[in-house]
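Number of protein chains: 2
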Amino acid sequence: MLSIVHTAQKVPRMSVQPILLNGQWTNSTGSKRFQAVNPKTTEPLADEYPISTWEELDQVLHAADQAAKTVADWPAERFAAFLERYADRIDQQSESLVNMAHLETGLPVEPRLKVAELPRTSNQLRQAASAAQEGSWKMATIDKTSNIRSQFGPIGPVAVFGPNNFPFAFNSIAGGDFAAAVAAGNPVIAKGHSAHPGTTRLFAMEALAAASETDMPAGFVQLIYRTSHDDGCKLVSDHRLGAVGYTGSRSAGLTLKQAADAVGKPIYLELSSINPVYFLPQVIQEKAAELAEQFAGSCLMGAGQFCTNPGLVVVLAGPETETFIAQIGEKFRAAPVGTLLGSSVLGSLTSAVKTLTANGAQIVAGGLPGGGAGFCFQNTLLRVSGAKFVANAAALQTEAFGNESLIVVAADEEELLAVTEALEGNLTGCIYSATDGSDDELYDKIAPRLRTKVGRLLNDKMPTGVAVVSSMNHGGPFPATGHPGFTAVGIPAAIHRFAALHSYDAVRPHRLPPALQDKNPTGKMWRLINGQWSQGDVG
Amino acid sequence: MLSIVHTAQKVPRMSVQPILLNGQWTNSTGSKRFQAVNPKTTEPLADEYPISTWEELDQVLHAADQAAKTVADWPAERFAAFLERYADRIDQQSESLVNMAHLETGLPVEPRLKVAELPRTSNQLRQAASAAQEGSWKMATIDKTSNIRSQFGPIGPVAVFGPNNFPFAFNSIAGGDFAAAVAAGNPVIAKGHSAHPGTTRLFAMEALAAASETDMPAGFVQLIYRTSHDDGCKLVSDHRLGAVGYTGSRSAGLTLKQAADAVGKPIYLELSSINPVYFLPQVIQEKAAELAEQFAGSCLMGAGQFCTNPGLVVVLAGPETETFIAQIGEKFRAAPVGTLLGSSVLGSLTSAVKTLTANGAQIVAGGLPGGGAGFCFQNTLLRVSGAKFVANAAALQTEAFGNESLIVVAADEEELLAVTEALEGNLTGCIYSATDGSDDELYDKIAPRLRTKVGRLLNDKMPTGVAVVSSMNHGGPFPATGHPGFTAVGIPAAIHRFAALHSYDAVRPHRLPPALQDKNPTGKMWRLINGQWSQGDVG
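Protein sequences appear in the order of chains B and V. Heads up: the first sequence begins at 1 in the numbering used here, then just goes up one per residue. Heads up: the second sequence begins at 1001 in the numbering used here, then just goes up one per residue.
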């Protein structure tokens, strides 16, 4: 995903929106501000949003720290109640949220924003609430003989940096990271994405109301819109912060990672992914037209601005492959060109396509800006030989975030496996193979290598759907994310990112947290007692 | 823990020991070498060990990568069989291991090496084998409706850097990190500690024999003794490596961390910890003599060279406290002075005590080198006021690894809480309070603050025992470790450090790993099926 950075503008003040600081909408002391842009019209929207100063961030951190202390021993029900109330409020405000997000992102109202992404967002909050309440995510572990007990507890205030491409489901103050951080019992400092500050503000209003209705402390949910890069680095490395969730561009993410790593602060990143898709020879023989249709649909949907967009295709050379590539090219040319999320997405897509062609990729379709409404770029299909890909593997894995894909045509199996070895870490990897098993020998050579490069391995389907289920891994090896053991989607696993392991050794019974007392607090929570998983009490 | 670094010496070749490379004992191509030193006599031991070149490390990495590919789809039984065979072999070689470790470390043969640490080491290997075989650690998760399944799988070859202070239980080729990495299905590249290369070599001989007897691939277990710092950084950031486990000095650990972080390579560190112990006023009234005895025993045991050694004490000022401090000082003066692990431990302890006194700490007992056999330093007790501690918090938390502790005397409760706020991350934190509950009000103010600073919170006992049980957390916030969500001791949690989350989306049934197939492969493995934990098959 890519972060949009607008140049800070000194323009006549219209209505500068306040930040949410310690439970109050507060005017920023920052003198710089920015506006969102309607990507369909390329015109700025009316509201102005502040670029916060360090002085403000310091106050935000102090309030979050106080809130973390206040809620440290609260029962999980409290966090669940807030999340549920917030989810209800979001559903009630559907119309205004959808309208604002449409204005700020150009994403279609239906089905995308209204029917898919907003219900998904409130559903995520409810899943997090349910997991918090049920409690098994804590991995409560009790050894009676040694009288040592452990559980995952809150890690401390979490700073969430949201991306541009999911104004709801990954929003810094409503999305998956927010839900997971709260479920673990942590206050959140949301840093809104500059492309959709109005959407984020509407969420924050509901979050504040829900927090008030459920008696959360003032600094539990806070919102800033933007900071300088230096202040962002100070924020993520501050001693009062527990952890960071970041989804966005690789360059900004790595800058924050360096700052956080230097002080051992956990930072979870979702940076970039080109999501390789393999079409093996026999499945192309079997159903090339159907595959071309599926692929073009997945690649061009939402102008290709999905984290799991299939940006790389791997095939073996041959006449059927040439026909298949031509079919995909036709579909790319025939499909309408979508609007990109903003000027910087257009800029980086243009630049990425140049990098790819400069390193040996040839244009099959598209290749230039334009072709649709507002910020847009022709649906673009590129191709390159396997040999060139291997020789220039880093450059040819440049993420071209948007409606673009690069087909790598390997001369033979050996070259195809070399392409696989040269892949960087990705969120997903797909292999399509023939129904009758005639591709299986080749599948068995590719799959073990691909397995180590991706978080989610798919068969015979496109990667763009990310189901919100426990088994989902929306993660993967670097540089797709910062750690291959964690996922940004999927409860309860996503919650563990924002938890610290807390062991209690001979701590007196009345001082233990509920999950570690002899009596199972819900009668349903799974706990590892003397080496056995159990929903019972300690005997 | 502290790493000993000997100056590389160019001395006449006696018997330069080979490294274990790809299943063969192989002469190093490195021209530099080093010798271990008997800390009791301060004389070098006979054998020489090589400092490996990058060329060699590259071969080691290649072999490990090949081994990882070979075992990628092996059933857990294979890893368990190796670990069990290895544990048996270690028990059979107890005498030679204990003798060699005693020579190289000066640690007592009984009970320490023979009765405590060696059985603990083979027990850890057997626990890891059992967890691998049982399989619940994989957190297999199956959602039938979406047909997505996930589990924790191997992360890739693991480099293990062992510390000086546990030649067995944390040995790079036999200790906890090794056991956890193998249980997750990963090859290990062991980097022995320079203080006990002979012990490590004896382990490696048994590991190689066990690997051969259980048909592990050649590069599954490898050993090098030492590298240059630059080559160490290249090793931990190599693309063929999956993760790193490091236990040792903070400075060397942070150098490796920076290299690994830059390429998003998971690195687990156990760096340093001073393990604060609070004695509240009423418990001092209740049993000062008993507490002084317990504390001195824990602090001076093994010359204080434990990761969880109580290096910081926090008390409230008062006449009873003065008597208590005097009692502890008496015990420190009366107790025999142990031998330190080596000259560099002596050097860093001397330097740390200087740093502490230069920053306002006063000597109550000891304070100078000497007082025992070989490398040694007087049992040393320091004191400082709470105000000075808060004003100079970083310097006064310098780890003085060895038989030393610093008592912080807070003027009042407010100052005591300020001391607590100023604490860095630690492995453990203990609070002793009166049996009758008369300290509970103060306890309730300290505990929530201390909870966020430590991995393991103790009541009324010393931190130096680290039970090998599932609920143990031998971890904690930075700078004690690199991530507060992981532990180096305690199966199954310790295994997760060396695992990647692998999701399978619509992957054809016969291609799924055993743990994710409909049928429960052992009938005992716990799996999260459609949101419910179960030992059953998928219905």
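Please note: incorrect hints may appear among the correct ones.
Unchecked claim - Below, computed lysine-lysine pairings styled on PhoX-like, alpha-carbon distance capped at 25 Å: (1) Lys1461/V - Lys1445/V; (2) Lys144/B - Lys1524/V; (3) Lys1524/V - Lys524/B.
Simulated from the structure, these hints should not be mistaken for laboratory data.
Here is what the structure says about each hint:
1. Distance check on the hinted pair: Lys1461/V and Lys1445/V sit about 19 Å apart at the alpha-carbon level, within 25 Å; holds.
2. Taken as a hint, the Lys144/B and Lys1524/V pair is honoured in the structure, with Cα atoms around 22 Å apart against an allowance of 25 Å.
3. In summary, the hint linking Lys1524/V to Lys524/B is supported, as the alpha carbons are separated by about 20 Å, within the 25 Å threshold.
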